[in-house]
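Enquirer: Heads up: the protein sequence lines correspond to chains A and B, in order. With our numbering, letter number 94 in the first sequence gets 94, and the count goes up by one each step, no holes. With our numbering, letter number 285 in the second sequence gets 285, and the count goes up by one each step, no holes.
Heads up, a few of these hints could be off.
[To be verified] Pairs of lysine-lysine residues, derived as BS3-like cross-links and limited to a Cα-Cα distance of at most 27 Å, are as follows: (1) B:K466 - B:K547; (2) B:K478 - A:K56; (3) B:K212 - B:K388; (4) B:K207 - A:K72; (5) B:K212 - A:K56; (6) A:K56 - A:K72; (7) A:K56 - B:K222; (8) A:K49 - A:K98; (9) B:K529 - B:K288; (10) A:K98 - B:K173; (11) A:K98 - B:K466; (12) A:K49 - A:K151; (13) A:K92 - B:K173; (14) A:K49 - B:K529; (15) B:K212 - A:K88; (16) B:K212 - B:K222; (17) A:K56 - B:K388.
[As the list claims (entries may be wrong)] Rough simulated footprint, nothing fancy, chain A against chain B, three-plus residues with beta-carbon under 8 Å: (18) 166 to 175; (19) 360 to 374.
It is worth saying that the hints were derived from the structure and are not from the lab. Using N, Cα and C, we set each Cβ at its ideal position, and we do this for glycine too.
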Amino acid sequence: MRQDLTQTIDRIMSAYPGAGRDALIPILQDTQEDIGYLPREAVVLIGDKLHLPVSKIFGVATFYNQFRFEPKGRFHIQVCRGTACHVKGSLKVLERIKRELGIESGRTTRDGLFSLEIVACIGACALAPVMSINGEVHGRLTTDDVVRLIKDCRKAAETGEAR
Amino acid sequence: MISITVNGRAVEAEEGESILQAVRRAGISIPTLCYIDGLPPTGACRMCVVELEGDGRLVPSCSFPVAPGMKILTHSPSAISARKTIVELLLANHPDDCLYCARNGSCELQGYALELGVRQRRYSGSRNDWKMDQSSPAIVRDPDKCILCGKCVRVCEEIQGVACIDFIGRGSKAHIGTAFDEGLNVSSCINCGQCIKVCPTGALTEKSSIQKVMDALNDPTKTVVVQHAPSISVTIAEEFGMKPGIDAADVMTAALRRMGFDRVFDTSFSADLTIMEEASELVQRITKGGKLPMMTSCSPGWIKFVEQFYPQLLGNLSTCKSPQQMLGAVIKHYWAQREGIDPRNVFSVSIMPCTAKKFEAGRPEMLHDGIPDIDAVLTTRELAQVIKTFGLDLASMSGEPADTPFGDRSSAGKLFGASGGVMEAAVRTAHYLITGKELDLPRINAIRGLDGIKEASVNVAGTEVKVAVVSGLGNARKLLDQIVAGRNDLHFIEIMTCPGGCISGGGQPVHTDPEVLKARMQALYNIDKDATMRTSHSNPSIQRIYKEFLGEPGGHLSHELLHTHYAERDVLR
Numbered sequence: 001m002r003q004d005l006t007q008t009i010d011r012i013m014s015a016y017p018g019a020g021r022d023a024l025i026p027i028l029q030d031t032q033e034d035i036g037y038l039p040r041e042a043v044v045l046i047g048d049k050l051h052l053p054v055s056k057i058f059g060v061a062t063f064y065n066q067f068r069f070e071p072k073g074r075f076h077i078q079v080c081r082g083t084a085c086h087v088k089g090s091l092k093v094l095e096r097i098k099r100e101l102g103i104e105s106g107r108t109t110r111d112g113l114f115s116l117e118i119v120a121c122i123g124a125c126a127l128a129p130v131m132s133i134n135g136e137v138h139g140r141l142t143t144d145d146v147v148r149l150i151k152d153c154r155k156a157a158e159t160g161e162a163r
Numbered sequence: 001m002i003s004i005t006v007n008g009r010a011v012e013a014e015e016g017e018s019i020l021q022a023v024r025r026a027g028i029s030i031p032t033l034c035y036i037d038g039l040p041p042t043g044a045c046r047m048c049v050v051e052l053e054g055d056g057r058l059v060p061s062c063s064f065p066v067a068p069g070m071k072i073l074t075h076s077p078s079a080i081s082a083r084k085t086i087v088e089l090l091l092a093n094h095p096d097d098c099l100y101c102a103r104n105g106s107c108e109l110q111g112y113a114l115e116l117g118v119r120q121r122r123y124s125g126s127r128n129d130w131k132m133d134q135s136s137p138a139i140v141r142d143p144d145k146c147i148l149c150g151k152c153v154r155v156c157e158e159i160q161g162v163a164c165i166d167f168i169g170r171g172s173k174a175h176i177g178t179a180f181d182e183g184l185n186v187s188s189c190i191n192c193g194q195c196i197k198v199c200p201t202g203a204l205t206e207k208s209s210i211q212k213v214m215d216a217l218n219d220p221t222k223t224v225v226v227q228h229a230p231s232i233s234v235t236i237a238e239e240f241g242m243k244p245g246i247d248a249a250d251v252m253t254a255a256l257r258r259m260g261f262d263r264v265f266d267t268s269f270s271a272d273l274t275i276m277e278e279a280s281e282l283v284q285r286i287t288k289g290g291k292l293p294m295m296t297s298c299s300p301g302w303i304k305f306v307e308q309f310y311p312q313l314l315g316n317l318s319t320c321k322s323p324q325q326m327l328g329a330v331i332k333h334y335w336a337q338r339e340g341i342d343p344r345n346v347f348s349v350s351i352m353p354c355t356a357k358k359f360e361a362g363r364p365e366m367l368h369d370g371i372p373d374i375d376a377v378l379t380t381r382e383l384a385q386v387i388k389t390f391g392l393d394l395a396s397m398s399g400e401p402a403d404t405p406f407g408d409r410s411s412a413g414k415l416f417g418a419s420g421g422v423m424e425a426a427v428r429t430a431h432y433l434i435t436g437k438e439l440d441l442p443r444i445n446a447i448r449g450l451d452g453i454k455e456a457s458v459n460v461a462g463t464e465v466k467v468a469v470v471s472g473l474g475n476a477r478k479l480l481d482q483i484v485a486g487r488n489d490l491h492f493i494e495i496m497t498c499p500g501g502c503i504s505g506g507g508q509p510v511h512t513d514p515e516v517l518k519a520r521m522q523a524l525y526n527i528d529k530d531a532t533m534r535t536s537h538s539n540p541s542i543q544r545i546y547k548e549f550l551g552e553p554g555g556h557l558s559h560e561l562l563h564t565h566y567a568e569r570d571v572l573r
């Protein structure tokens, strides 16, 4: 794993010859794109190569919602917290999801089934409030819808059905 | 020089400097929460806003440069109102538990709330609910009290070159923490406590050992001994309202006796002991071809710094324990035996200017036959608190001398408290060890003062010994990088973790004013100037402990009790 990871980070960073701290965010983005999240060891390796303290990288990465430190769940839920969705009650939707799953944004449930991310706007304002599950958009959500959708996912996981 | 008008009066300012710098020099005080003297401003807190007369704009004086003809109002109604609102907003989610806070009475936020006349909670936000980080043996972090000024982050990175903490998250979830938000104990924190000294609130404090010491004092089976570091006597008086730069060694000794300590010893004695061992080690390395440059090992923050960041230089560190640990070891393994006391019934307390000393005392290397050299470490601030608990007032006490046999010290040992002092003491003794003669001029001016990196060359019997003195680990990085890159002209380097040395240690009264530091430093220099015993090797108690117990410097017993070893540490860097 460590060897693979080193190779992956080397490959990602080879696209940024002579990179300094200004290249940190694109490198983190590429790493997450490749691995799906930012493993602790990857953050340490990037710090070594950019001569940046790990605390600084963690500080930058936690500033943005897009970065995660745990692998995505089998169902990746993105909740829109853009303006239109906010007006239409997306906070309630988000709170309900957090309660159902027992996780905060940026985290993954222990069974690896669900992960949660807050996004700014997914461009479906007419359907506000919206969320997406593995890229599939669900609009005009009520808290009941959320509970039902999560239940559907759990059922799908049990029966081995793909979504 | 340009001329500006401040509150209707002419003030001279230097081109390019900030309004704050010019105005403060003119004796006008402007409150700040995020400003650190000597570092570029961040303009984060906005407490220092002043009004530009005429256009009515409020500008942050810390980062706004002066311009010719500029007219400034520092305390206009709108400036005062803005500052008051800032404090009120900062208090909106503050725990408000001042009565239970270690910084009660020395808190900047509390001070400004008082100055600005905040009398009610005008804004009410949801309270923070972060976990306290008590994982470190030296430093406690309470993020609920943090106002996010960022000074700890900057000191850690820009002054100390450590960078173990940063801002995490954003908006209302922003807080200060280590990499991956883990405990300070597993981070690259070196326990120096400089963050505590700049923290405007009680978010950063030392891990208190007061209760442990009180319990020992009340335990009839324990013989409780105490030692105080060279710099304590020149700072403790400040905590009792006296001006900086007063040497209170004798009254402090009297106070410690009133509190119930059975013996009061002076760490400056073991500073002399350190010099005997360290100077011998240096002479050995120079004459027998050991690893050079040799680097001092008295400062435990610096030791952890090398173990983490420069493990390739571990062999350059002197193997000498610090004076605290040396005295701890001889108290338990020489003095206790002499007094017929089981060392397990001796409780050994040290008063230190330093939070890292708490970490050092707990290092596993500092156990001998399962007995720790030191049982509890109190900072200067903690000592002041305990003295007050006992209802003692230093200002009205008469002085008493320290106890034998570890109360005698040379003024060289006392110099350990300021950056350059170890070097000066070591050169005096090394010169004697090599030539058999004393230095003509014991005072070495080139390595005195508050500069971060000082170098000098000393002629010892025809050989030029090149030395460097560094304080503040950001400065150390600069010199160490030169050495790693191949610089090889230096023989001996003194490195102190804190800028200026122990007088500005993380356990000292929380002043960051350079004038206060200068006064503390001068107090130590005055002690040396007026002293008759100015070299460690001339201390009769030192000569006696070698004759009666240790044998030779660097001998077998010394190695067992007074020397130690280091190892690379794998932490998140």
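Enquirer: Determine for every hint whether it applies to the structure shown.
Expert: Hint-by-hint comparison with the structure:
1. Taking the CA atoms of K466 of chain B and K547 of chain B, the gap is about 32 Å. The hint is violated against a cut of 27 Å.
2. As the CA atoms of K478 of chain B and K56 of chain A are separated by approximately 21 Å, the hinted pair is consistent with the 27 Å bound.
3. Restraint check for K212 of chain B and K388 of chain B: the C-alpha separation of about 17 Å stays at or below 27 Å, so the hint holds.
4. Of the supplied pair hints, the one linking K207 of chain B and K72 of chain A is violated, its CA atoms being roughly 39 Å apart against a limit of 27 Å.
5. The suggested pairing of K212 of chain B with K56 of chain A is violated, with an alpha-carbon distance near 36 Å, which exceeds 27 Å.
6. The straight-line distance between the Cα atoms of K56 of chain A and K72 of chain A is roughly 24 Å, inside the 27 Å bound, and the hint therefore holds.
7. Using a Cα cut-off of 27 Å, the hinted pair K56 of chain A and K222 of chain B is violated, with the two alpha carbons roughly 47 Å apart.
8. As the CA atoms of K49 of chain A and K98 of chain A are separated by approximately 37 Å, the hinted pair breaks the 27 Å bound.
9. The hinted pair formed by K529 of chain B and K288 of chain B fails the criterion: a straight-line CA distance of about 35 Å is larger than 27 Å.
10. Taking the CA atoms of K98 of chain A and K173 of chain B, the gap is near 17 Å; set against the 27 Å cutoff, the hint holds.
11. At roughly 64 Å between alpha-carbon atoms, K98 of chain A and K466 of chain B are farther apart than 27 Å, so this suggested pair is violated.
12. A distance of roughly 44 Å separates the Cα atoms of K49 of chain A and K151 of chain A; the hinted pair therefore is violated under the 27 Å criterion.
13. Between K92 of chain A and K173 of chain B the CA atoms are separated by roughly 19 Å; this keeps the pair inside 27 Å, and the hint holds.
14. This hinted pair does not check out: K49 of chain A and K529 of chain B have alpha carbons roughly 51 Å apart, beyond 27 Å.
15. Distance hint between K212 of chain B and K88 of chain A is unfulfilled; the C-alpha atoms sit about 57 Å from each other, more than 27 Å.
16. Between K212 of chain B and K222 of chain B the CA atoms are separated by roughly 12 Å; this keeps the pair inside 27 Å, and the hint holds.
17. For the hint linking K56 of chain A to K388 of chain B, the alpha-carbon distance of about 41 Å lies beyond 27 Å, and the restraint is violated.
18. Remark: the segment 166 to 175 of chain B is confirmed as covered by chain A, as 5 of its residues place a Cβ nearer than 8 Å to a Cβ of that chain, reaching the required three.
19. For the segment 360 to 374 of chain B, the assignment as covered by chain A is violated, since 0 residues bring a beta-carbon within under 8 Å of that chain's beta-carbons and 3 are needed.
The structure fails hints 1, 4, 5, 7, 8, 9, 11, 12, 14, 15, 17, 19 (numbered hints given earlier, in ascending order).
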